[in-house]
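Student: Input sequences plus hints: build the corresponding full structure.
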Amino acid sequence: MKKTLLTLLVLAGISSANTAEAQLADGSIAPDFTVTDYASGTSYNLYDLLDAGYTVVLDMYATWCPPCWSYHQAGILEDLYVNNGPAGYPGVSANTTDKIMVVALDVDAATTDVDLTTAGNNGSGSTSQGDWVTGTLYPMANPASSAATAINNDYNIAYFPTIYMVCPNRIITEVGQLSSAAVFVSASATECANTIVNGTNNGAIIGYTGETSSCSAIDVTVNLQNMGTANLTAATIEVLDGATSVASFNWTGNLATYDVASVVVGQVTPASATNYTIEITSADDNAIDNSINQTLSPATPSAGLDVTVEIETDAYGSETTWELRGSTGTLLASGGPYNDLSAAGTTVQTPVHVLLTTPFDCTTFTIDDSYGDGIDAGYGAGNYAVKDHNGATLVSGGDFSDTESGKFAAGNNVSISENAIDGLGVYPNPFSTTATVIFNNNTGADAIIEVMNMVGQVVYTENVGDVSGMQNVTIDGSSFDAGIYMVNVKAGAVITSKRIVLTK
Numbered sequence: 012m013k014k015t016l017l018t019l020l021v022l023a024g025i026s027s028a029n030t031a032e033a034q035l036a037d038g039s040i041a042p043d044f045t046v047t048d049y050a051s052g053t054s055y056n057l058y059d060l061l062d063a064g065y066t067v068v069l070d071m072y073a074t075w076c077p078p079c080w081s082y083h084q085a086g087i088l089e090d091l092y093v094n095n096g097p098a099g100y101p102g103v104s105a106n107t108t109d110k111i112m113v114v115a116l117d118v119d120a121a122t123t124d125v126d127l128t129t130a131g132n133n134g135s136g137s138t139s140q141g142d143w144v145t146g147t148l149y150p151m152a153n154p155a156s157s158a159a160t161a162i163n164n165d166y167n168i169a170y171f172p173t174i175y176m177v178c179p180n181r182i183i184t185e186v187g188q189l190s191s192a193a194v195f196v197s198a199s200a201t202e203c204a205n206t207i208v209n210g211t212n213n214g215a216i217i218g219y220t221g222e223t224s225s226c227s228a229i230d231v232t233v234n235l236q237n238m239g240t241a242n243l244t245a246a247t248i249e250v251l252d253g254a255t256s257v258a259s260f261n262w263t264g265n266l267a268t269y270d271v272a273s274v275v276v277g278q279v280t281p282a283s284a285t286n287y288t289i290e291i292t293s294a295d296d297n298a299i300d301n302s303i304n305q306t307l308s309p310a311t312p313s314a315g316l317d318v319t320v321e322i323e324t325d326a327y328g329s330e331t332t333w334e335l336r337g338s339t340g341t342l343l344a345s346g347g348p349y350n351d352l353s354a355a356g357t358t359v360q361t362p363v364h365v366l367l368t369t370p371f372d373c374t375t376f377t378i379d380d381s382y383g384d385g386i387d388a389g390y391g392a393g394n395y396a397v398k399d400h401n402g403a404t405l406v407s408g409g410d411f412s413d414t415e416s417g418k419f420a421a422g423n424n425v426s427i428s429e430n431a432i433d434g435l436g437v438y439p440n441p442f443s444t445t446a447t448v449i450f451n452n453n454t455g456a457d458a459i460i461e462v463m464n465m466v467g468q469v470v471y472t473e474n475v476g477d478v479s480g481m482q483n484v485t486i487d488g489s490s491f492d493a494g495i496y497m498v499n500v501k502a503g504a505v506i507t508s509k510r511i512v513l514t515k
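Using the working numbering, the first residue of the sequence shown is number 12, and each one after it goes up by one.
Please keep in mind that the hints were generated in silico from the structure rather than gathered at the bench.
Be aware that a few hints might be false.
[Stated by the list, open to error] Quick list of the computed label-pair ranges, beta carbon to beta carbon:
1) 164 - 230: 27 to 37 Å
2) 455 - 392: 14 to 24 Å
3) 286 - 100: 17 to 27 Å
4) 275 - 455: 30 to 40 Å
5) 304 - 156: 19 to 29 Å
6) 392 - 101: 38 to 48 Å
This one's a predicted model, so the numbers in the text were calculated from it and none came from an experiment.
Quick reminder that beta carbons are idealized off the backbone N, C-alpha and C, glycines included.
Tutor: As structure tokens, then:
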């Protein structure tokens with residue numbers, strides 16, 4: 012497992028500062044390097060392979076790493092290389108697709124050449140898993156200490172093995188320990204399709220990088236890459252809702268081949284989830300890479316100012332933190348880090364109830380994973396959700412890298428009707444020991460909270476007095492029997508009720 016290797020990385024002498032970083036972000040430009048195959052002495056340059064039109068799969072490993080050895084022994088990369096490697100290369104099938112090159116690099120600076128061929132050798136400060144070279148057809152490189160350190164730093168290696176896919180246009184994606192068939196599909200039909208230089212004047216839209224939802228206008232932001240042989244100096248980019256242009260930008264600059272620029276095309280304000288086409292509409296030698304589609308949405312509105320943050324962490328709760336901030340950046344609430352488990356699994360953290368301060372404000376929920384692989388990456392299916400007092404989900408997720416954000420529009424249950432109790436909610440629901448009752452009292456009378464069982468018996472009562480505005484009252488249900496109850500909030504002649512469930 013990736014995370015169990017953190018200690019091993021430190022023990023093996025890799026900088027602890029480096030292990031705290033997330034991997035090189037998907038969509039980044041892969042740094043160039045040259046390495047030499049240990050067995051044949053042949054040198055391979057990354058950019059030369061990419062310029063030849065190959066997608067390059069990089070296996071960043073260490074000889075002492077058990078998961079690296081298991082993946083190596085499984086023969087997945089071997090199969091990928093034999094059936095899809097460069098025509099005429101050693102071991103490549105005569106029926107190759109001629110699309111992919113595989114290069115394995117030991118990027119532990121302490122590894123010696125003997126470690127590549129001898130099980131049990133301690134040259135790297137830990138036990139080598141075996142003979143990595145004999146019978147391996149694709150290049151197995153052991154860069155010199157300084158080169159290994161440079162590659163490790165350039166690619167932000169935080170764990171072994173790290174498997175990257177680099178498209179011919181230099182764009183990198185971490186693919187992990189996929190099957191050879193899955194890597195081939197990504198390389199030929201999805202991420203790396205149409206990423207070869209084609210034509211003289213050829214701009215390409217290679218990814219959407221802006222917000223996908225907002226409480227107001229959304230800045231439509233994309234990456235523009237030069238995929239032509241001449242410098243790209245101008246391009247008109249439009250945002251289309253069907254056949255209607257809703258935003259346009261005349262970009263000018265000076266991009267050499269493969270260089271990338273971030274471009275804000277314009278603003279859109281979708282009334283509902285809308286699938287937009289973002290397209291280069293100026294003269295271009297290759298239209299096939301001119302457009303992408305992106306769904307943009309208005310932020311989900313909350314039913315009121317009271318929201319609940321629900322977090323279920325994976326085995327590594329200590330890596331998870333979160334916060335809620337208002338539109339001006341004011342911190343409204345935060346949580347984590349949490350406790351770890353001794354094995355893969357999840358922990359349902361205590362829900363956090365938050366009373367937001369400003370109606371109609373745009374509120375942002377952000378969750379961070381300090382390790383960089385989210386809370387649903389194979390160590391327990393962690394997840395998160397922010398819900399309003401009706402239980403409607405405002406933002407949710409769990410499968411991300413180092414950070415993920417979502418926005419919602421704060422509701423308005425502060426402006427209430429006269430002689431009313433508004434916004435009654437109970438959190439969590441179901442609950443097992445204590446629960447929080449929230450409500451808005453504008454009756455001018457004492458507010459009384461009652462909890463009643465299903466046969467009409469009052470099992471709890473509390474007079475909270477002549478209070479006004481949003482109230483937040485904790486009730487203790489530890490002495491209640493498991494079952495269904497009604498929470499009643501009374502004030503004068505006004506009564507409001509909420510059904511709750513107690514579990515034991």
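Student: All hints, please: hold or fail.
Tutor: Going through the hints against the structure:
Residue 164 and residue 230 have their C-beta atoms about 32 Å apart, which keeps the hinted 27 to 37 Å range intact. For residue 455 and residue 392, the hinted distance range of 14 to 24 Å is not satisfied, since their beta carbons lie about 49 Å from each other. Roughly 42 Å separates the CB atoms of residue 286 and residue 100, a value that falls outside the hinted 17 to 27 Å. For residue 275 and residue 455, the Cβ-Cβ distance of about 52 Å falls outside the hinted range of 30 to 40 Å, so the restraint is violated.
Range check, residue 304 to residue 156: Cβ separation about 46 Å, and the 19 to 29 Å hint is violated. Between residue 392 and residue 101 the CB atoms are about 43 Å apart, so this pair conforms to the stated range of 38 to 48 Å.
The structure does not agree with the numbered hints 2, 3, 4 and 5 stated previously, though it agrees with the rest.
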